[in-house]
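Build out the structure end to end from the sequences listed, making use of the hints.
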Amino acid sequence: MTKTGFVVANLFRKKTRTILTILSVIMAFLLFGLLQSLNSIFNAGADFVGATRLMTQARVSFTQPLPIGIVPKLEAVPGVARVGYSQWFGGIWQENTQVFTFAVDPLRYHDVYPEWVMPEEQWKAFAGTRTAMIAGKMLADQYGWKVGQKIPLSSNIFPQKNGSKAWAFDLVGVFDGKDESWKKRTNQVLINYDYFSEANQFVKDRANFFIVKLGAGADAAAVTKAIDGMFENSPDETKTQTEKDFNLSFVKQIGDIGLIVRWILFAVFFTLLLVVGNTMAQSVRERVPELAVLKTLGFSDGSVLGFVLAEAVALCLVGGVIGLTLATLLGAMVEKGTGGQFQLNVNGLIWAIGIATILIMSVAVGLLPALRARRLKIVDALAGR
Amino acid sequence: MSESMVQIRSVTKTYERGKQKVEVLHGLSLDIPKGDFVALMGPSGSGKTTLLNLIGGLDQPTSGEISVGGSRIDQLSSGKLANWRAHNVGFVFQFYNLMPVLTAEANVELPLLLTRLPAAQRKKNVAVALQVVGLADRARHKPKELSGGQEQRVAIARALVSDPQLLVCDEPTGDLDRKTADEILGLLQVLNREHGKTIVMVTHDPKAAEFARRTLHLEKGQLLEQVAA
Amino acid sequence: MLSQTIAVTGINVKSIPERWAPSLVIVIGLAGVVAVFTALLAMATGFESTLKATGRTDVAIVMRGGSDAELNSGLDRTSSDLIKQAKGVRVAANGKPMASTEMIVIAELLRAGSTKDASNITLRGVEPEGFALRPQLKIVEGRTFTPGLRELIVGRGVTRQFAGAALGNVLRMRGSDWTVVGVFESGDANESELWTDISVAQTTFGRAGASSVRIGLDGPDGLDKARVSLTGDPRLTVDVIREQDYFSGQTKQFRKTIGVLAGVVTIIMALGAVFAALNSMYAAVATRSKEIATLRAIGFGGLPVLLSVMIEALLLALAGGLLGAIIAYVLFNNLSVSTLGQNFTQVVFNFRVTPELVARGLIISIVIGMIGGLLPAIRAARLPVTTGLREL
Chain W
1 MTKTGFVVAN
11 LFRKKTRTIL
21 TILSVIMAFL
31 LFGLLQSLNS
41 IFNAGADFVG
51 ATRLMTQARV
61 SFTQPLPIGI
71 VPKLEAVPGV
81 ARVGYSQWFG
91 GIWQENTQVF
101 TFAVDPLRYH
111 DVYPEWVMPE
121 EQWKAFAGTR
131 TAMIAGKMLA
141 DQYGWKVGQK
151 IPLSSNIFPQ
161 KNGSKAWAFD
171 LVGVFDGKDE
181 SWKKRTNQVL
191 INYDYFSEAN
201 QFVKDRANFF
211 IVKLGAGADA
221 AAVTKAIDGM
231 FENSPDETKT
241 QTEKDFNLSF
251 VKQIGDIGLI
261 VRWILFAVFF
271 TLLLVVGNTM
281 AQSVRERVPE
291 LAVLKTLGFS
301 DGSVLGFVLA
311 EAVALCLVGG
321 VIGLTLATLL
331 GAMVEKGTGG
341 QFQLNVNGLI
351 WAIGIATILI
361 MSVAVGLLPA
371 LRARRLKIVD
381 ALAGR
Chain S
1 MSESMVQIRS
11 VTKTYERGKQ
21 KVEVLHGLSL
31 DIPKGDFVAL
41 MGPSGSGKTT
51 LLNLIGGLDQ
61 PTSGEISVGG
71 SRIDQLSSGK
81 LANWRAHNVG
91 FVFQFYNLMP
101 VLTAEANVEL
111 PLLLTRLPAA
121 QRKKNVAVAL
131 QVVGLADRAR
141 HKPKELSGGQ
151 EQRVAIARAL
161 VSDPQLLVCD
171 EPTGDLDRKT
181 ADEILGLLQV
191 LNREHGKTIV
201 MVTHDPKAAE
211 FARRTLHLEK
221 GQLLEQVAA
Chain V
1 MLSQTIAVTG
11 INVKSIPERW
21 APSLVIVIGL
31 AGVVAVFTAL
41 LAMATGFEST
51 LKATGRTDVA
61 IVMRGGSDAE
71 LNSGLDRTSS
81 DLIKQAKGVR
91 VAANGKPMAS
101 TEMIVIAELL
111 RAGSTKDASN
121 ITLRGVEPEG
131 FALRPQLKIV
141 EGRTFTPGLR
151 ELIVGRGVTR
161 QFAGAALGNV
171 LRMRGSDWTV
181 VGVFESGDAN
191 ESELWTDISV
201 AQTTFGRAGA
211 SSVRIGLDGP
221 DGLDKARVSL
231 TGDPRLTVDV
241 IREQDYFSGQ
251 TKQFRKTIGV
261 LAGVVTIIMA
271 LGAVFAALNS
281 MYAAVATRSK
291 EIATLRAIGF
301 GGLPVLLSVM
311 IEALLLALAG
321 GLLGAIIAYV
331 LFNNLSVSTL
341 GQNFTQVVFN
351 FRVTPELVAR
361 GLIISIVIGM
371 IGGLLPAIRA
381 ARLPVTTGLR
391 EL
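Protein chains in written order, with this note's numbering: chain W, 1 to 385; chain S, 1 to 229; chain V, 1 to 392.
These aren't lab readings, by the way, just hints derived from the structure by calculation. Ideal Cβ placement from N, Cα and C applies to all residues, glycine included. Warning: the hint list may mix true and false statements.
[What the hints assert, rightly or not] Below 20 Å or equal to it, Euclidean Cα-Cα: the simulated EDC-like pairs (lysine to aspartate or glutamate) are: (1) Lys165(W) x Glu108(V); (2) Lys256(V) x Glu335(W); (3) Lys204(W) x Asp76(V); (4) Lys80(S) x Asp163(S); (5) Lys165(W) x Asp239(V); (6) Lys161(W) x Asp76(V); (7) Lys161(W) x Asp219(W); (8) Lys142(S) x Glu286(W); (9) Lys150(W) x Glu180(W); (10) Lys377(W) x Asp59(S); (11) Lys14(W) x Glu145(S); (12) Lys239(W) x Asp68(V); (13) Lys96(V) x Asp218(V); (14) Lys161(W) x Glu108(V); (15) Lys165(W) x Asp76(V); (16) Lys161(W) x Asp218(V).
[What the hints assert, rightly or not] Covered stretches of chain V (chain W as the covering partner; in silico rule of three or more C-beta atoms under 8 Å from a C-beta of chain W): (17) 33-42; (18) 277-286.
Given below as structure tokens:
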């Protein structure tokens, strides 16, 4: 037996109580893991994007497209290496499955997003074939699309000149991401802008987004200012921001998810503190004579405090780690089940915060009982006072 | 006269009960030589348990001096006192105070966790202690699987395992039937006569006191005339 | 048996104060579950009822065929005029059809209290009939806009959540200045919008067409008549949808999302609460095992003991559920928030803690209380009398 063995043995004094307490802790940390990963979906853009691109859109809303004609003006700004553009198409696959589809200039897009990995011939085919489309690996795998197939895609916004909203494109390539985070974003389809502009009924030579790739050593703030200054007070006022801020601003409009998550977790952990704290307090109360005996044997007041704290830590750690593990597994299941659309990733950062929370909680629930154990007087305890 | 194990000089002990101060021991002095087996008797409230607690280093006197095994223990801090207890004294209580979650041998091993002995050595010492009290075959049992007498033997083994010179016993047979009590007391005698342990035992049972070498009587916090066995 | 049960329950309940700590665990645990559940669903209920209240049954929205939101729709002048002439459109006393051509433009406002969090708001250009088609809308401050001038009226929801839209403010949009001359209330999603004269909006923003035409329906079969007339017209490609259906359709996504979130969170919290309740009730039974054994020895039956434990658990659970509902009500009822609507613009709504939600919360706590009380109750009832008495 060792000191650790002693602590563990004491945990199972009242088996039912220990197991039920651990189960409560598991539930709390399961929720913690899931909610924090939900939170990070809504802030995902922040980690993921490189700081080498800016997004320019119409100042008022990206739903109002800007004229393509501004591209040369943008490229003339010092510090700008290349400009690509992208127009939301609103793709629908089969009956009503939404597919993120954008109409882009293929070669420009290839330049501004070097993170996409696809053989050069496929990029060339994309640029050279009017009705071409390329699909991200995630989608191609999910729907079984193969290069060479003609893929029917409808648009929920743009009809063709003949009035029909049904479109079809030739799949000439499948692209992947250069690393884990980019691989996760291969749930898009790209079509040829020229074809779209020419064949649709409503939008001609306009695009929602302009992607501005910065040259080496360029000052992002200065370029931003220059671009927006150029179009101020014109009918096409622009708003330029870093890609990171762009993603965040969109997400912030959904609402303060972070606040909701924080409130829920506050309620959960407040209750949990009560539950586990009560268990620890009861456990120490019952063991007063035993703790006194430990002291008679020569264990110091401090070591008795240590035993009680260690118990609290063990309780919370077991429950917390199991809870976080369950959250990770469940998150992965959700991710798989929704074909990568809903990426609940309980990542390293969440685990780190989780472990820190576990430790803080252990001290919170264990401290008072541990202090009580430290303080107890041998003679009083043995006499039953 | 063999050397002194316990020397007590003019010791008083006062407790505070609410707003009142109660003096339980009044200027008591006492000598216990090495190898002695002393029974402490007296009516309830006489202070015998208090005296025992002081001898065992479980409490500090309000005034006076106590030396055990040549060291003054009345001035030690509580941390140092704990350390002293670990090496110098073994306790046996009326209610066995074993850890219900541990096996007999794990219970006996507890005091050894305070030493730097490696696990293998600890196991050996535990086996020896259980051998001495005659419970080697019950090592893996938990307290609830043992009879009253067996539990008390485990407690005694635990008191012995660090090889202290002094054993302090508070009503060790108070909860046992006659036959079992006699077995336990016989074991204590063996420890005293063959292993040289000095034993101080509080009891209210005159038959138990007969196993000791001598009996001291306390009344209202003071020693009455010593009666040699 | 009833009197036995009442007697034992009485003893149980009277001793709760001695066991206040584990009892508090149940109450607070359940309060937490119910509060979170109620708050989340109050958000969904508030959003849904705001949007539902916005649609009338005697008004229809006509949009370009296949668009599911006004933002995606575009109608040219000819189409708008044709739509107003369709059968089924109510005619006003002055002989003109009750129809309003409307155009939405996305505007940007800063959130109240922020200097950089901007959100998209709907700016709606309307015709005078737009007011008649929405009788619930009333100007409560200032006055309505003057046709032909760059004047705006803003909804109450906008003034609550966003900065710079108070009476008298000037808003700059796309290089032009607009003055806020009035504030309106309507008790629905219209309050999340800015309104102005459609022709001024069209000229300023360089748009010739409209987003939609709202038509008043003539009689119970007005919708069918209008639909037949409009979808059958070869010159038009439009959809005709009852205003109420349009708005309830818009809540589907949000409702689903919140529903899933609320469901998952509530289930996990409820499980945690069940474990906590079991823990507490087992502890309660253990503390009183000799009491229970004594009662059994005297002659009280097992069933009354079981029932008394369950009743105790139920009472604590109900107390927790009520506390949770009160907390949710006090903290969240009528809290104003906004979220992204179908047009990528903000919809302002209030949390609504309804009696139905409170009832659902109480049911959840009762169920948890019963589950948490059952096993310990069985153990209490089955406790061999001798074991319990030995504890004495």
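Verification of the hints:
The suggested pairing of Lys165(W) with Glu108(V) is violated, with an alpha-carbon distance near 31 Å, which exceeds 20 Å. Between Lys256(V) and Glu335(W), the direct Cα distance comes to roughly 18 Å. Compliance with the 20 Å bound is thereby established for this hinted pair. For the suggested pair Lys204(W) and Asp76(V), the alpha carbons sit about 16 Å apart, so the restraint of at most 20 Å is met. For the hint linking Lys80(S) to Asp163(S), the alpha-carbon distance of about 19 Å falls within 20 Å, and the restraint holds.
Restraint check for Lys165(W) and Asp239(V): satisfied, since their Cα atoms lie roughly 14 Å apart, inside the 20 Å limit. Using a Cα cut-off of 20 Å, the hinted pair Lys161(W) and Asp76(V) holds, with the two alpha carbons roughly 16 Å apart. Pair hint Lys161(W) plus Asp219(W) does not hold up; C-alpha atoms about 43 Å apart against a cutoff of 20 Å. For the suggested pair Lys142(S) and Glu286(W), the alpha carbons sit about 18 Å apart, so the restraint of at most 20 Å is met.
At most 20 Å may separate the alpha-carbon atoms for a hinted pair to count; Lys150(W) and Glu180(W) exceed this at roughly 29 Å. Among the hinted pairs, Lys377(W) with Asp59(S) is consistent with the structure: their alpha-carbon atoms are about 9 Å apart, no more than 20 Å. A distance of roughly 17 Å separates the Cα atoms of Lys14(W) and Glu145(S); the hinted pair therefore holds under the 20 Å criterion. Simply put, Lys239(W) and Asp68(V) have alpha-carbon atoms about 27 Å apart, too far for the 20 Å limit, and the pair is violated.
Taken as a hint, the Lys96(V) and Asp218(V) pair is honoured in the structure, with Cα atoms around 13 Å apart against an allowance of 20 Å. Restraint check for Lys161(W) and Glu108(V): the C-alpha separation of about 33 Å exceeds 20 Å, so the hint is violated. Using a Cα cut-off of 20 Å, the hinted pair Lys165(W) and Asp76(V) holds, with the two alpha carbons roughly 19 Å apart. Pair hint Lys161(W) plus Asp218(V) does not hold up; C-alpha atoms about 34 Å apart against a cutoff of 20 Å.
Here the stretch 33-42 of chain V counts 4 residues with a CB under 8 Å from a CB of chain W, which clears the bar of 3, and the coverage holds. Counting residues of the stretch 277-286 of chain V whose CB lies closer than 8 Å to any CB of chain W gives 5, which reaches the minimum of 3, so the coverage claim holds.
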